[in-house]
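Novice: Residue numbers (the working numbering), protein chains in the order written: chain A, 1 to 326; chain B, 1 to 326; chain C, 1 to 326.
Errors might be hidden in some of the hints.
[Stated by the list, open to error] Rough simulated footprint, nothing fancy, chain C against chain A, three-plus residues with beta-carbon under 8 Å:
no., segment
1, 82-88
2, 180-186
3, 216-227
4, 244-253
[To be verified] Some, not all, of what chain C presents toward chain A, calculated at C-beta under 8 Å:
no., residue
5, D180
6, F191
7, N212
8, G234
9, Q258
10, N314
11, N317
[As the list claims (entries may be wrong)] Here chain A is said to cover these stretches of chain C; the calculated rule only asks that three of the stretch's residues, wherever they fall, bring their Cβ under 8 Å from a Cβ of chain A:
no., segment
12, 21-35
13, 70-82
14, 158-168
15, 216-226
No lab work stands behind these hints: they were computed from the structure.
Quick caveat: nothing in here was measured; it's all calculated off a predicted structure.
Note that CB positions come from ideal geometry on N, CA and C, so glycine has one too.
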Amino acid sequence: MKNLFFKKKNNIRINDILTLLKIKKQKENIKIKNISELDQAMKNDISFFHSINYLDKLKKSKSNLILTSKRYSQHIPKNKKIIVVKNILLSVAKITSLFYPDALDDIFDKSLEPVKTKLFKKLNVGRNVLLGKNIRIGKNCSIGHNTIIEKNVYISDDCQIGCNVILKNCIIGKNTHILDGAIVGKKGFGFFPGKLKNIRYPHIGTVVIGNNVEIGCNNTIDRGSLSNTVIGDGTFLDNQVHIAHNVKIGKNCIVTGQVGFAGSSIIGNNVMIGGQAGISGHLTIGDNVQIGGGSGVIKNIPSNTKVMGYPAKNIRNFLKENKLNE
Amino acid sequence: MKNLFFKKKNNIRINDILTLLKIKKQKENIKIKNISELDQAMKNDISFFHSINYLDKLKKSKSNLILTSKRYSQHIPKNKKIIVVKNILLSVAKITSLFYPDALDDIFDKSLEPVKTKLFKKLNVGRNVLLGKNIRIGKNCSIGHNTIIEKNVYISDDCQIGCNVILKNCIIGKNTHILDGAIVGKKGFGFFPGKLKNIRYPHIGTVVIGNNVEIGCNNTIDRGSLSNTVIGDGTFLDNQVHIAHNVKIGKNCIVTGQVGFAGSSIIGNNVMIGGQAGISGHLTIGDNVQIGGGSGVIKNIPSNTKVMGYPAKNIRNFLKENKLNE
Amino acid sequence: MKNLFFKKKNNIRINDILTLLKIKKQKENIKIKNISELDQAMKNDISFFHSINYLDKLKKSKSNLILTSKRYSQHIPKNKKIIVVKNILLSVAKITSLFYPDALDDIFDKSLEPVKTKLFKKLNVGRNVLLGKNIRIGKNCSIGHNTIIEKNVYISDDCQIGCNVILKNCIIGKNTHILDGAIVGKKGFGFFPGKLKNIRYPHIGTVVIGNNVEIGCNNTIDRGSLSNTVIGDGTFLDNQVHIAHNVKIGKNCIVTGQVGFAGSSIIGNNVMIGGQAGISGHLTIGDNVQIGGGSGVIKNIPSNTKVMGYPAKNIRNFLKENKLNE
Numbered sequence: 001m002k003n004l005f006f007k008k009k010n011n012i013r014i015n016d017i018l019t020l021l022k023i024k025k026q027k028e029n030i031k032i033k034n035i036s037e038l039d040q041a042m043k044n045d046i047s048f049f050h051s052i053n054y055l056d057k058l059k060k061s062k063s064n065l066i067l068t069s070k071r072y073s074q075h076i077p078k079n080k081k082i083i084v085v086k087n088i089l090l091s092v093a094k095i096t097s098l099f100y101p102d103a104l105d106d107i108f109d110k111s112l113e114p115v116k117t118k119l120f121k122k123l124n125v126g127r128n129v130l131l132g133k134n135i136r137i138g139k140n141c142s143i144g145h146n147t148i149i150e151k152n153v154y155i156s157d158d159c160q161i162g163c164n165v166i167l168k169n170c171i172i173g174k175n176t177h178i179l180d181g182a183i184v185g186k187k188g189f190g191f192f193p194g195k196l197k198n199i200r201y202p203h204i205g206t207v208v209i210g211n212n213v214e215i216g217c218n219n220t221i222d223r224g225s226l227s228n229t230v231i232g233d234g235t236f237l238d239n240q241v242h243i244a245h246n247v248k249i250g251k252n253c254i255v256t257g258q259v260g261f262a263g264s265s266i267i268g269n270n271v272m273i274g275g276q277a278g279i280s281g282h283l284t285i286g287d288n289v290q291i292g293g294g295s296g297v298i299k300n301i302p303s304n305t306k307v308m309g310y311p312a313k314n315i316r317n318f319l320k321e322n323k324l325n326e
Numbered sequence: 001m002k003n004l005f006f007k008k009k010n011n012i013r014i015n016d017i018l019t020l021l022k023i024k025k026q027k028e029n030i031k032i033k034n035i036s037e038l039d040q041a042m043k044n045d046i047s048f049f050h051s052i053n054y055l056d057k058l059k060k061s062k063s064n065l066i067l068t069s070k071r072y073s074q075h076i077p078k079n080k081k082i083i084v085v086k087n088i089l090l091s092v093a094k095i096t097s098l099f100y101p102d103a104l105d106d107i108f109d110k111s112l113e114p115v116k117t118k119l120f121k122k123l124n125v126g127r128n129v130l131l132g133k134n135i136r137i138g139k140n141c142s143i144g145h146n147t148i149i150e151k152n153v154y155i156s157d158d159c160q161i162g163c164n165v166i167l168k169n170c171i172i173g174k175n176t177h178i179l180d181g182a183i184v185g186k187k188g189f190g191f192f193p194g195k196l197k198n199i200r201y202p203h204i205g206t207v208v209i210g211n212n213v214e215i216g217c218n219n220t221i222d223r224g225s226l227s228n229t230v231i232g233d234g235t236f237l238d239n240q241v242h243i244a245h246n247v248k249i250g251k252n253c254i255v256t257g258q259v260g261f262a263g264s265s266i267i268g269n270n271v272m273i274g275g276q277a278g279i280s281g282h283l284t285i286g287d288n289v290q291i292g293g294g295s296g297v298i299k300n301i302p303s304n305t306k307v308m309g310y311p312a313k314n315i316r317n318f319l320k321e322n323k324l325n326e
Numbered sequence: 001m002k003n004l005f006f007k008k009k010n011n012i013r014i015n016d017i018l019t020l021l022k023i024k025k026q027k028e029n030i031k032i033k034n035i036s037e038l039d040q041a042m043k044n045d046i047s048f049f050h051s052i053n054y055l056d057k058l059k060k061s062k063s064n065l066i067l068t069s070k071r072y073s074q075h076i077p078k079n080k081k082i083i084v085v086k087n088i089l090l091s092v093a094k095i096t097s098l099f100y101p102d103a104l105d106d107i108f109d110k111s112l113e114p115v116k117t118k119l120f121k122k123l124n125v126g127r128n129v130l131l132g133k134n135i136r137i138g139k140n141c142s143i144g145h146n147t148i149i150e151k152n153v154y155i156s157d158d159c160q161i162g163c164n165v166i167l168k169n170c171i172i173g174k175n176t177h178i179l180d181g182a183i184v185g186k187k188g189f190g191f192f193p194g195k196l197k198n199i200r201y202p203h204i205g206t207v208v209i210g211n212n213v214e215i216g217c218n219n220t221i222d223r224g225s226l227s228n229t230v231i232g233d234g235t236f237l238d239n240q241v242h243i244a245h246n247v248k249i250g251k252n253c254i255v256t257g258q259v260g261f262a263g264s265s266i267i268g269n270n271v272m273i274g275g276q277a278g279i280s281g282h283l284t285i286g287d288n289v290q291i292g293g294g295s296g297v298i299k300n301i302p303s304n305t306k307v308m309g310y311p312a313k314n315i316r317n318f319l320k321e322n323k324l325n326e
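With the hints as constraints, model all of the structure from the sequences given.
Specialist: This is the structure we're talking about:
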């Protein structure tokens with residue numbers, strides 16, 4: 001899949017990657033087109049396998065070149081080439097930086113200029129609004145005072161962007177409202193803790209927000225590392241919600257104040273989440289799930305389930321254990 | 001009670017309401033003055049009864065016209081007229097929009113202009129401060145850089161408003177401090193989840209902040225839907241506190257960092273709340289209550305009680321159960 | 001230790017202090033140089049003893065004049081003078097205000113002016129950036145749009161400050177990133193609840209941030225009251241983290257989204273804290289500690305320990321009690 005916002009280097013060959021990882025070069029220096037997750041990789045992309053949870057995706061992956069560690073190498077199908085490294089994710093970060101040298105840092109966009117309303121159709125714009133490069137804004141949108149739209153933002157028709165908002169690297173559907181003070185599209189909190197210094201990894205993902213969505217005040221929504229952070233159509237987020245990189249929230253969800261999502265969790269449709277609940281990373285929450293306020297979710301939740309508690313459990317058990325079921 | 005900030009339509013008659021709700025018109029097309037909660041409604045206002053918790057208020061209400069559902073209709077006193085609907089709150093939202101057509105949306109205030117200090121007495125004002133219409137500012141106030149005061153804000157004497165603050169639809173008492181980045185008076189997170197699309201309901205309430213109050217950095221305080229959101233005299237809020245619509249906090253309360261209040265809860269006087277505690281919606285917390293940090297309060301708490309835990313319980317039980325009472 | 005940012009009065013004598021506290025004057029009206037915590041006080045400073053936890057520091061303190069209450073007066077070494085008061089901390093606040101009359105209030109810095117880039121080496125600066133007095137900025141720094149740097153800020157080389165950031169009273173090490181919307185250096189949430197009115201106490205501390213640190217979006221980090229708030233080298237904070245006054249975080253820590261620290265806790269090196277965890281005040285957390293997401297830490301934690309839960313306990317016990325150890 002073409003990356004809309006981050007520029008990819010096109011002449012990477014396998015020996016560039018092997019050199020970077022301090023591994024012996026190969027004879028046949030084949031061209032590698034991209035680095036991608038298992039389910040999105042094409043034939044000539046390099047992908048990676050770092051958890052048994054992704055065994056299904058590994059089997060179905062179109063990638064012919066898999067980065068993994070000794071421990072997981074037995075699972076790689078025979079017809080794929082393998083690169084074995086000690087630290088898979090650190091190697092992924094290095095290779096991603098090789099393909100996308102600009103995605104590592106998140107320095108402010110100096111190209112910003114005061115908005116020229118003539119360039120947009122029926123744009124209702126406040127004072128001191130700044131726009132960067134590669135911005136598209138649909139019809140009948142409004143942008144509040146002091147809002148900063150850095151490079152790589154596509155906004156569809158009928159959207160309302162509040163005041164003091166900061167947007168970058170995001171795609172926003174129709175009739176979506178982004179309320180005051182929200183910060184959308186900065187790099188995620190991803191890095192490798194080093195004994196001498198933390199190593200940041202590049203975030204080449206986007207924040208993709210659907211139609212009829214509401215993003216509350218002072219929300220922080222980080223863009224994805226390799227894949228995108230996604231907020232589905234009709235989903236409403238209250239104030240002070242935090243959404244980490246790669247999280248994918250379904251349609252028509254209701255997320256109340258101060259809820260937090262750790263990275264890479266997948267939330268179904270019609271999910272309701274009470275205030276201050278926290279969702280751990282890399283979980284799968286089904287459709288029509290209800291999560292009580294204050295809950296701490298640390299396991300997957302099947303569809304059509306109500307949970308509450310820390311750790312979150314079936315709400316009947318929570319109420320019974322706390323003698324609240326009278 | 002007259003609504004100071006949202007303009008009410010004055011020629012609404014009962015058949016306008018019945019038509020809106022797709023109910024058969026009545027012969028006597030009486031005038032309806034307003035839509036109000038049970039305890040604030042006057043004789044010619046329409047009110048509504050949607051929970052057995054409000055039975056007392058129903059009995060005392062001056063309203064002669066009550067909107068309710070079949071289930072609750074038996075409780076309505078004989079001397080009052082009834083309109084029976086399937087979804088009470090959705091009907092309330094529709095009727096409120098009929099009376100207050102401007103209160104639904106929260107688009108940024110385009111009328112804002114740079115502050116003219118000559119209009120105010122001893123106003124100490126930063127750079128890039130914007131003011132909307134219907135603003136009153138008392139003596140000896142200060143307003144920090146980049147702060148946006150949209151329409152409908154009354155600020156009393158000796159107040160300090162920080163930098164990057166956004167205010168709208170609020171009334172602020174004397175000697176109150178609003179710290180950097182706080183957002184006060186936006187519409188609450190209230191809507192009816194629809195299968196096709198969420199229906200927002202109008203927020204015609206105000207945020208009423210008392211004297212000698214401190215509102216911390218990056219706080220979000222939403223205005224009420226029908227009634228007001230209230231912060232009592234002498235109450236101090238730390239950073240990153242979230243207060244949803246209709247919450248009423250008493251006097252001299254101390255609310256530490258990252259605490260969240262869901263909608264419509266009523267908090268007494270001299271209440272102390274530890275960091276990250278959460279208060280569910282529609283609760284009543286008495287006077288002199290102490291709530292430990294991290295607690296999740298899901299039941300009413302009587303006055304003079306100390307609670308802690310999730311769900312919050314008497315602190316002695318919490319300590320005993322967790323073997324912390326040594 | 002000299003206070004870099006708050007101006008100290010130099011002619012305070014013991015009878016000025018006694019008069020302030022409404023205590024009988026002494027014959028020998030000795031000069032008092034400063035008010036300091038036990039471990040930082042010099043010979044001619046006044047210090048205070050208000051908790052048995054600080055007995056060790058009391059014994060080692062160089063101060064010859066200790067403020068305390070009747071209850072604790074027996075612990076004061078014979079060779080030190082004692083001032084006995086009813087409310088120790090309230091008296092400390094009054095004396096601090098006597099030495100530092102400017103540290104009480106946190107009104108916005110009116111001296112701010114648009115940045116003059118000529119004054120700094122290779123400064124990459126956005127639009128509408130405001131700078132106050134007593135600002136130092138090292139080489140190769142960048143400051144994003146709408147950022148406000150009030151007085152008393154020292155920034156070292158190679159730092160990246162984002163957009164909409166507010167800094168004051170802080171010292172920032174090399175190669176540190178402060179992300180969009182962060183607020184660093186405002187006074188802490190410290191005051192004495194009074195029946196008539198809360199009494200604020202002065203905050204004469206600084207926020208000291210090390211090298212290679214990352215401060216996340218919308219973080220709030222308050223400056224210390226008497227001592228400093230400290231973030232060690234290489235520590236990374238995610239979005240929406242709240243750090244109260246006097247907290248000291250060690251080196252190479254990882255603090256994920258929405259974590260909160262109450263005042264005066266001391267965190268070791270290489271500590272990892274999961275999302276939404278809360279750390280109570282006045283605690284000591286050792287080195288290499290791991291705190292699970294959502295935990296509520298209310299006791300000290302020894303080094304090399306993993307904890308989780310509310311209240312936080314050894315993670316093995318948490319998993320066992322919640323039948324999660326399969």
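Novice: What hints, given by number in increasing order, does this structure fail?
Specialist: 1, 4, 6, 10, 11, 12 and 13
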